[in-house]
Amino acid sequence: MLWLLLLPLPLQALGATAKTLGVSPRLVSEYVPSKSNTWTCLDGSKQIPWDYVNDDSCDCADGSDEPGTGACPNQPFYCQNEGHIGAFIPSSRVKDGLCELDCCDGSDERPGVCEDVCKEVGQAHKKKVEEETKIRKTGSKIRSTYIAYAHKEKKRLEGVIEASATEIAIRENEVIRLRDITERAESLSAAALELKQQSPLYISLVTHSNALKSLQREHKKHLQREEELSDILNALRTGYNPNYQDMAVLEAVRGWEEMAGLPHINDVGKDSVSNEEAGVQEDTASDVAEPEEALDDEMWSAEELEKDLDDLLNSDYVSLLLEHDEYVQSPTEGSALFDIASYLPDSVVPQFEGFRETLVSWLVTLGIIKGETPSSTDTSHLRQALTDAENELKKVKKEKEDAENDIKEIFNVHGYGLEGEWKKLDGTCLRTEVGDYTYEVCLFGEAKQIPNKGGSTFSLGKFASWNPSPDVKPGEEAYYQKQIYNRGTRCWNGPERNVVLLLSCGTENTLHSVVELEKCEYQLTGTTPALCRPLDNFGGKEGKNSNASRDEL
Amino acid sequence: MRSVVLFGALSALLALPDALAVKSQDFKTCSQSGFCRRGRALAARAQEAQSSWNSPYSVDPSSILILPGDSTVKAVVKSSLYPEIKFGLELRIHDDGVVRVLLDEVDGLRKRYDEAASWALVSEPKLSKGIRWAAGKKELRAVFGEKNDIEVAVNYDPFRVRLRRGGEDQIVLNGRGLLHMEHFRSQTLKETTEEVVSEENAEGQEVLQIENVRAWFEGDSEDAYWEEKFSSWTDSKPKGPESLSLDITFPNHGTVYGIPQHATNLSLPSTTGESPSYTDPFRLYNADVFEYIASSPMSLYGSIPVMHAHSAETTVGLFNAIGSETWIDIAYPTKRSTHTHWISESGIMDVFLLPGPTPEDVFAQYARLTGTTALPAHWSLGYHQCRWNYVSSDDVRTVQKRFDEEDMPVDVFWLDIEYAQDHKYFIWDHKTFPDPVEMTNEVAAAGRKMVVIVDPHLKRTSDYPVYQEASDLDILVKPKSGEGEYEGWCWTGSSSWIDHFNPASWDWWISKFKTTKIDTGFSWIESTEDIHIWNDMNEPSIFNGPEITMPKDSIHYGGWEHRDVHNINGMLFHNNTAQAVRVRSDISKRPFVLTRSFYAGSQRVGAMWTGDNLGTWDHMAVGIKMVLANGIAGMAFAGSDVGGFFGNPEPEMLVRWYQVGIFSPFFRAHAHIDTKRREPFLLDEPYKSIIRDILRLRYSMLPIWYTAFKENSVTGMPIVRPHYVMFPQDTAGFDIDDQFFVGSSGILVKPVTEKGKNEATIYLPEDQVYYDYFTQYAYRGSIKGKYVIVAAELHQVPVFIRGGSILPTRERPRRSSPLMRLDPFTIRVALSKAGTARGELYLDDGVTYLHQQGELVWREFVAEQPQKKITRISSRDLAAQNPGKAVDGVALTTYDPKNAFAKEIEEVRVEKIVILGLVWKPSSVKVEGGAELKWEFVPGVAAIDTKEGTASVLIIKDPKVLITSDWAIVVS
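So the sequence lines, in the order shown, correspond to chains A and B. Residue 18 in my numbering sits at position 18 of the first sequence, with consecutive numbering throughout. Residue 934 in my numbering sits at position 381 of the second sequence, with consecutive numbering throughout.
Mixed in with the good hints there might be a few duds.
Covered stretches of chain B (chain A as the covering partner; in silico rule of three or more C-beta atoms under 8 Å from a C-beta of chain A) [stated by the list, open to error]:
hint : segment
1    : 905-913
2    : 945-953
Far from chain A, by Cβ distances over 12 Å, these chain B residues were calculated [to be verified]:
hint : residue
3    : G689
4    : D1139
5    : P1436
6    : A1444
List time: in silico DSS-like cross-link candidates among lysine-lysine, alpha-carbon distance up to 25 Å [as the list claims (entries may be wrong)]:
hint : chain 1 : residue 1 : chain 2 : residue 2
7    : B       : K1422     : B       : K1438
8    : B       : K984      : A       : K519
9    : A       : K19       : B       : K1513
10   : B       : K792      : B       : K639
11   : A       : K19       : B       : K639
12   : A       : K19       : B       : K1510
13   : B       : K1339     : A       : K35
14   : A       : K462      : A       : K473
15   : A       : K473      : B       : K1241
16   : A       : K127      : B       : K954
17   : A       : K482      : B       : K792
In case anyone wonders, no lab produced these hints; they're calculated from the structure. These figures come from a predicted structure and were not determined experimentally. Every residue, glycine too, gets a C-beta built ideally from N, C-alpha and C.
With the hints as constraints, model all of the structure from the sequences given.
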């Protein structure tokens, strides 16, 4: 009922409107009458009598004749706000009967409507600025340690690169040497091996192996399919939208729940029901777990299939073939080393065999044993040694490459910032609990939604970029105030989950809030010292910015 | 176009792509509904029998009883099929000429539901005095009307009622002999199973013979008399068959309108006869139809059994007060006549014949029966921003902040179901809404309101006090056994529904909305008077019920089955909620309660919207037609969700939809939870600025809208008016439903509802000048009607001012409408061909009921030519001259122009007057008795010219005249 306050005001009050009311200091000089007592609209479109300025009736197309009355739409009104900071408000707020903080001197309203509260507002503002400054001071100190860390990290990485470069050189030589030995040894035994490989037993073994591999592949496909299906059904169960009021969906959910031994989703959390349901659930669960038929002793259980089949299929058949030869042929040849097995108790044999192979391969590698006619076993061991050496080389190369990439990112505007202030936070995980979930963002890694009461964790996405808005330039503060994580777990009947992480300066790395503004679009807010730029920077820039933004209004 | 619509509709019904739209198998067709099947079969037999068909119903002349003095006549009607059954006929003539025809079974085995009218009627209608019924040998007659030109005649055998004017039939009941009131009977063994009937025992033969006697009328089998299955549900039908079939013929009217709600053309397409547009009858059975089709006779959320029959000569109306499921077949045997056939599942026959003869008369006659739209809170005409869901109080704050930053006006922020913990309405989810009262106060600080949803399904948990109290009071709907609580499935999971037919529920429900503690249980202390209410799902929508609603054999208060009251059900919930919001504070304030389900009379309670529409161009277009159709049936405060509930409209579509929205009485944007956010501030340029301008246009026109609402609240005239209402004699305009007028203001709108358009074709129905609202271009209509093409780029919505209109607007953008209260007015005078114009402005405080005590301002603006070359614009008071027409519901006897409200706004002035179409540049513009004013003249086409072109414009700068005072300005 603010308008009630306005009643006693006489119409004449309007007539008294000063010609420069609502004019910003920058433009005050424009608001003077010509000699003939006229005035030209600021856009030059029209000449009007000086009386028309601020007469509460819009004459200029650009609205410039009414800076202080709100008669022209989109004409900004300047509040002096003495004791605070001058500010523009849009004309829609002039004489609307409401007192705004932006216009704490109340100059936008009819006299008597709003008190001048600029002193209080100014003080509060000052206090707020002081508090922010304090936070920023502390934050920027932490930030400088982040930068120092980045420099240290850069040095460390440079060290890694250097060290790995040396190691690469050594390992490359080693690989060349091994390759040479292996190739020579292999060419000797290749012909013999070829013959042996024509053994029907070997061919059959390889065929079996291939068949088994194919079966395993198919089986895995099915398992994956089943998993995907149950994911879909679980998502359907927890996420289905009764707004679709689709009984077919409801039937599908119930059917799945029965099959998977789950309680009905809508009963979950219902105290009285859940007990009963829990009983039912156990029953059905044990039903499901019960094996359909007893297995023969030698048949593999599902668990064994899962665990041991891969090992079996990874068998080196050529080695087996050669070993087989050894069993078939009389073990007259070779050193005592190869015979020892026959004197050992059965239970120790496998270990010994392993030990022996290693020993032999090393002896061969090191050139201590040099069989004149290297057996196939030896060549396969040589091959193994070569592969291992190559892998080692690859690993070191990768290490170097990673370090090189990391070093590129450290002081990169799109990466850890020009000053490297974000490097420290790489992999730092921020968590917060909202409702039934804990939300976790591992910076530059992955964002997750973890249910507190059990259930599956959903990925909300992986780090994709800083603020992608075309209006924001990489490197400026706004660029680092927003991180995008995308391509998270797909929502039921919806898009993939995404995260927008909004960060601001703070003395700690924390998450404050999580909201799902749209389905599967999460907006997280948090603070980090990495955004607390040093005060000098801040004071100067912000001051200018705020003035600029106020002017723009 | 027409035939395309026709074929489109047919194919849509026959081969609907499942993924894209409604699951039509969730809803019955006529052939799946027993009584509809019987009704249509009856019509088919009559059709086949041709002229040999005779109604078995007749009036027993010896029973006629003319009640002395009060225009009522009673008689006994009998059916030759069942001579032992008696029906009571009663005809009453109201003092405005409306004829009410009642027929009910007398001394039957059970009682038919006879309370539908009592819920719909605003009060017991006044009967005419001094009408004389004359009982002749063949018929019973009464002649009445101001000119004694209306006659109602009841033919005895067959029973037939005719309303005639000037000797011409207007409405005929049972003219085609399809009247059939299935009497109550007992379910005997032989009737239960068909096998018995076909067996060859003696008794069976006998039954067969008896049945054969009636087969010509009722058919051979007892089709779905005692039980009916649909999908997995069984309707137990304990009362057996009780349907009512009634043919209503308009022998001299070739167009019918009304019977909302259907997504179809305003001029109702045919459903039977030669190549009908639809294969199924129009259905009235309030239903939550998911992703409904944009052209279909299927039921939707609300039902108003009101029909207008129109011709160039007369308009008549019909209100069939029935609350049960009803199917309506429409056929046009000739271009100038209409057959309708109404098939209802239960209830008495209670038909009101509205004699017209103009659309205006029919609206007034219907308004006297069921009331008008109560004058709404002024703010509720502003822009409503809704989404399922604003997820937290901070979310609401941010949305408000963004609107303010973009300087876009908005009055109301809405909260859908997710604000409530576990969808227990009233109970805030404090995890996301920790501070609902503070949040609301912050919204209210900018003059805004919140609307929060309260649905009718109550979660069945003892920790929900609203449910527990209702359960303790035993005021919940009961299952078919009549014992315990009906349980169904909705948002809340297992739920029950309050039986608002039970008077014990009324005061209790009203007390729940108190914002302070009460002694008797729960009250909504976590709310404020700035929170208003949204009633959704009140058909009722029940996810696991037959046709997504309540089983028909559920039991309501008084033992009535749900089937008897289904279509009325939603209105009672809406009504009680509105009552609650109205009286929650010490000073009554106008409630705003939006409903999805409605019935005849719902207009008295609040606003409706067209439910869960799709974000498609089709739905945008049909939304306009649906809002117009609702207006025809009295439900004037109507709108469709801007943007479409489902889907993600592209920016172009969204802009066009806002252009539709600002010209709807109710203007809300809403979106489904699965959609992307689409608040106008989120759009890129130029779309954002275009929508800002659109919103501001709505706000500038609020005085026009409020004045139209005021007129509707008194006269029942629709707020948005289709052509036939404005130009009843222009046959070319009968089918037009994509352009319309706003109240009596003279504003004509044709929103663009197609993609990629940059021009629009407008029909101008009269020899008059029409000015483009924005460019002042003067177009000329023709007495035969004329089409003109106008530019309609994306930022342009075709809006015209009819020559002869004066429009008051407020042109200063504000954040919300209450902040405009003291803003000055701009007056646009659009001169007619004759150089004259008039317009009205109604104002009051927009919040309280003080207007009913005369605290209001009602002005008339007139432009006339008292002598050659002089145009005089004057403002005068209307309220003092017409106190009886100033306010709805109350007839003021006096009016004080110095009332408190008028004083509050006495400083409000006219800041600008714009006159379009003057012939010459004036030499002088003065306030009468005052000094010369400042003005500017841009020469152009004059109103009296015959050419088209930009009109001359005279702009009078700040004439310093007050809106509440009498004044005159002379242009010479």
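Hint check:
no., hint, verdict
1, 905-913, "violated (count 0)"
2, 945-953, "holds (count 3)"
3, G689, "57 Å, holds"
4, D1139, "15 Å, holds"
5, P1436, "25 Å, holds"
6, A1444, "29 Å, holds"
7, B:K1422 x B:K1438, "35 Å, violated"
8, B:K984 x A:K519, "18 Å, holds"
9, A:K19 x B:K1513, "19 Å, holds"
10, B:K792 x B:K639, "18 Å, holds"
11, A:K19 x B:K639, "87 Å, violated"
12, A:K19 x B:K1510, "18 Å, holds"
13, B:K1339 x A:K35, "55 Å, violated"
14, A:K462 x A:K473, "22 Å, holds"
15, A:K473 x B:K1241, "23 Å, holds"
16, A:K127 x B:K954, "23 Å, holds"
17, A:K482 x B:K792, "67 Å, violated"
Hint violations for this structure: numbers 1, 7, 11, 13, 17, all remaining hints satisfied.
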